[in-house]
Amino acid sequence: NAGVTQTPKFQVLKTGQSMTLQCAQDMNHNSMYWYRQDPGMGLRLIYYSASEGTTDKGEVPNGYNVSRLNKREFSLRLESAAPSQTSVYFCASGRGAGQYNEQFFGPGTRLTVL
Amino acid sequence: GEDVEQSLFLSVREGDSSVINCTYTDSSSTYLYWYKQEPGAGLQLLTYIFSNMDMKQDQRLTVLLNKKDKHLSLRIADTQTGDSAIYFCAESSNTGGFKTIFGAGTRLFVKA
Chain H
1 NAGVTQTPKF
11 QVLKTGQSMT
21 LQCAQDMNHN
31 SMYWYRQDPG
41 MGLRLIYYSA
51 SEGTTDKGEV
61 PNGYNVSRLN
71 KREFSLRLES
81 AAPSQTSVYF
91 CASGRGAGQY
101 NEQFFGPGTR
111 LTVL
Chain L
115 GEDVEQSLFL
125 SVREGDSSVI
135 NCTYTDSSST
145 YLYWYKQEPG
155 AGLQLLTYIF
165 SNMDMKQDQR
175 LTVLLNKKDK
185 HLSLRIADTQ
195 TGDSAIYFCA
205 ESSNTGGFKT
215 IFGAGTRLFV
225 KA
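Those sequence lines, one after another, are chains H and L.
Heads up: the first sequence is residues 1 to 114, going by the numbering used here.
Heads up: the second sequence is residues 115 to 226, going by the numbering used here.
Read the hints as simulated data drawn from the structure, not as lab findings.
Hints may contain errors.
[Claimed, not checked] Okay, the calculated bits of chain L under chain H, using three or more residues with CB under 8 Å as the criterion: (1) 136-147; (2) 151-158; (3) 174-186; (4) 212-219.
For glycine and all other residues, C-beta sits at the position ideal for the given N, C-alpha and C.
In isolation and in its complexed conformation, chain H is listed as follows (with noise of 0.2 Å):
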């Protein structure tokens, strides 16, 4: 099993260039996340998608789309990107039932916006 994926590891944008940042996991779960890690902030929800077929948006949303394009699949897309979106991105997919949401993390996308 390879867990969470997250394509690509790196990338480098121009401001107001678009790309879309890819995860999928192959342990079957329901939950997945978009969060982004940045120095002393900890993480932050941008998007999450309790199931197949919804998507609702976290603290940061701003900026940012999503598709949740199968139970395997979650993309983040940023339209017109900002140095302000100069993060690390990490994809996550939730496991467990009621309250309970061990989360799985896949490597992170270390994306710098000039």
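Since the structure of chain H is already known, use the hints to place chain L on it.
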């Protein structure tokens, strides 16, 4: 909104115990977690505790929960250089649905 706070840095000598502290605001938290992030990697669940427990021990790890003060701690006994990492406190609750709230992470430095 709900918040989880933890100090940003901790430095200990190899062989000593490390104690990482965390406070949270959500009184309806049902599960509290400790995740570990090694350099260049994603987070990995280290341990968790259910809110009706005071303590949980797992080999070198001891988790203490003071629900009244909304305080969680992680003690690592006999800290090794391989324990150097960032440790995240997190909580999930009835009100959060599928969401988990993470703290900013405590970077643990272990000196040989």
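### Task
Could you work out which earlier hints the structure fails to respect and list their numbers in ascending sequence?
3
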